[in-house]
Amino acid sequence: MIKAQNLTKTYGTATVLNIENLEIPKGQCFGLVGNNGAGKTTFFSLLLDLIQPTTGHIINNDVQVDSSEAWKPFTSAFIDESFLIGYLTPEEYFYFIGELRGQNKADVDALIHSFEDFFHGEILNQKKYLRDLSKGNQKKAGIVASFIGSPEVVILDEPFANLDPTTQIRLKGIIKNLAANQNTTVLVSSHDLSHVTEVCERIVVLDKGNLIKDIKTSAATLKELEIFFSGAEAPDAAVAVFEDEE
Amino acid sequence: MLKHFLSLQWKSFFRSASFKTNLALKILMGFFALYFIVAFLFMGVGAYYLIEKAEMGDPLQVVNKYMIYLFVLDLLIRYMIQKMPITNIKPLLYLPLKKGQVVHYSLGKTIASFFNWGYAFFFLPFSIVLLIEGYNPLGVVAWHFGIFALIYCSNFINVLVNNKDSVFYPVIAVFIALGACQYFGVFDITNYTAPFFNGLYNAPWMVALPWIAVVGLYFAAFNYFKKNMYLDAGLKGKQTVARTEDLSFLNRFGNTGTFLKNDIKLIKRNKRPKTAGLMSFLFLFYGLLFGSGAVEVYDGPIWQIFGGIFVSGGFLFTFGQFVPSWDSAYYQLMMSQNIKYRDYITSKWYLIVIATVISTVLASFYLFFGINAYLAVLVGAIYNIGVNSHLVLLGGAFIKMPIDLTSNKKAFGDKQAFNMKTMLLSLPKLVLPMLIFAAGYYFVNATTGYILVAAAGILGMAFRNIVFDKIEKIYKKEKYKTIHAYKQKA
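Line by line, the protein sequences are chains S and W. Note that my numbering has the first sequence beginning at 4, numbered continuously upward. Note that my numbering has the second sequence beginning at 3, numbered continuously upward.
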């Protein structure tokens with residue numbers, strides 16, 4: 004579904020992303036972890052053609068992202084608040100996105116109805132504009148909007164941050180369901196290792212722009228990641244500690 | 003403590019994104035500022051002699067007579083654009099500072115505002131002229147300080163009434179009514195207010211009154227802020243009850259309609275675009291200056307077309323100028339959504355065209371001034387739709403200035419709005435139609451001039467698709483730079 008080849012992004016002399024080869028098959032739930040500055044958001048921005056790659060390219064479903072716009076109909080994302088239109092009510096925002104994705108009002112109504120649990124009565128019919136909602140509620144609205152129109156690729160940057168525990172648990176269910184039952188490719192980044200390991204079937208670790216680990220999630224993954232990040236500067240040392248404990 | 007506050011202020015000024023414009027621009031802005039300062043100075047010096055020459059009576063008394071309107075106007079302008087001091091308080095709240103200090107600092111900041119000391123450029127030279135002309139020095143000094151105290155009263159009144167539309171607009175309405183009464187000779191409020199201003203000169207001890215008022219207002223503002231210095235009270239942004247609107251009649255326009263619906267909401271619900279809309283309405287009356295003898299240069303035939311362009315193109319200049327910056331807050335969304343650039347640009351174009359047509363219809367009152375006056379508006383409208391609407395969209399690709407929709411600050415000019423490319427693009431918007439008209443006017447007659455300008459507009463419309471292709475390419479090319487620029491919050 005998604006292929007990145009020789010992808011680099013350089014600002015001045017600093018290379019912030021350098022991925023030689025990465026392939027994400029359709030229907031995979033893909034997790035991206037890494038410390039601040041690891042290149043997670045850079046990768047997502049490249050995927051959405053919000054910035055230009057220095058070398059290489061990304062191919063999304065046979066469409067080269069930086070030269071054609073044909074990836075837009077089947078790709079959706081929520082990166083941050085700049086994906087929200089502050090002066091609309093959540094409903095108006097959903098309809099707006101729906102119309103852009105060729106959904107009529109009834110389609111959108113049906114979809115947001117199925118997320119009523121997730122909204123917890125704090126989004127719909129509040130007589131508030133999006134800009135006046137709390138950060139967490141804004142996020143809920145943005146995440147659900149990215150599900151409108153059955154996209155084949157959904158990109159969520161830090162979806163768990165700012166959410167309350169109940170919503171985090173529900174979101175995990177939603178993401179798993181998307182990948183498993185609707186064959187949607189979901190890309191999630193997170194700083195919360197336990198969330199990603201629970202949700203994603205595959206986890207890639209970025210460090211200073213480089214792809215360090217590519218793990219198929221198993222029972223041992225969380226432990227492995229925790230050990231890695233407790234001494235992330237020197238991966239070899241981390242392994243050494245791990246061996247000592249044995 | 004003060005040292006810390008001052009250094010914060012210093013940094014926030016010199017490190018602001020808008021300050022880092024290029025040198026040429028700074029020099030240009032410097033010239034603008036200088037021009038206004040000199041203009042004010044001349045007004046200050048000249049006002050005395052002008053009034054004397056016009057034989058309106060004693061200059062000081064004439065100025066005092068109209069002083070009340072100056073203060074109302076001053077309040078109005080402040081209310082619209084002066085920024086409230088609360089904006090940067092939040093990060094100071096949980097630091098080990100006494101609340102009182104923070105409030106004093108914030109209020110103190112408003113004292114240094116240009117809205118206050120800017121008046122010095124007028125009142126200082128005026129007072130000096132009064133002294134030279136032999137007015138009683140003690141009286142002049144008292145008057146001068148009294149007026150300044152009143153300007154500062156205005157400053158703190160504005161701080162206190164901020165965001166209370168229900169108080170503010172009725173007051174303004176009353177004064178407009180009073181002004182009308184005076185003009186038509188029904189009732190003259192200045193008969194009651196002028197004695198006070200004259201009193202400042204005649205009885206210098208009266209200067210104590212405005213100063214007591216300033217101190218009183220300062221502490222009123224101080225107490226008000228201190229009491230409301232909580233996140234859910236005074237520091238809370240203004241929240242409005244959301245109303246959903248059904249604009250589904252626009253659905254017939256497909257994707258363009260989707261954007262149109264959004265743009266209408268944008269204009270109705272945000273302060274800054276609302277101001278732009280209001281200003282475009284005022285442009286309708288700009289044409290009254292032409293051919294009426296109000297401004298001499300404007301009576302030349304070629305200037306008629308200049309007026310015509312502005313009358314119908316108010317919206318084009320106030321709103322269209324800043325496309326796509328209106329969407330800057332959520333530009334990343336727009337760029338990753340299932341949107342064709344073509345639809346996006348087309349919808350903005352329609353919005354501008356619809357507004358131009360409405361303006362042209364509203365401007366039909368120019369028919370009272372003769373068919374020629376309205377013809378100029380009509381021809382201007384055709385040129386606006388055919389040529390200027392494209393130029394404005396083209397210019398937008400280069401402006402790249404993030405707009406804070408909820409604030410009116412900078413609504414009246416922004417440093418970044420001036421750059422060479424937009425300046426160059428504004429030439430054909432205004433100068434070209436005047437040249438075309440002049441060619442027709444001087445070689446044949448006025449009618450030919452009008453026909454030529456209209457023809458240029460129609461030609462522009464005919465080439466719309468080709469022009470849109472070009473604009474689309476430029477927008478795409480500039481896309482990454484634009485996204486990057488919009489991320490830098492002003």
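For the record, the hints were derived by calculation from the structure and aren't laboratory data. All values derive from a computational prediction rather than experimental measurement. Among these hints, one or two may not hold up.
With a straight-line cut-off of 25 angstroms between C-alpha atoms, the simulated BS3-like cross-links for lysine-lysine are [said to hold, decoys possible]:
id, chain 1, residue 1, chain 2, residue 2
1, S, K29, S, K216
2, W, K92, S, K211
3, S, K131, W, K276
Pulled from the structure, derived: some chain S residues nowhere near chain W, Cβ distances all over 12 angstroms [to be verified]:
id, residue
4, M4
5, F77
6, A80
7, G145
Not the full set, but computed from the structure, chain W residues with beta-carbon under 8 angstroms of chain S [unchecked claim]:
id, residue
8, I266
9, K276
10, F283
Even glycine gets a Cβ: it sits at the ideal position worked out from N, Cα and C.
Which earlier hints can't be squared with this structure? 2, 5, 6, 7, 8, 9, 10
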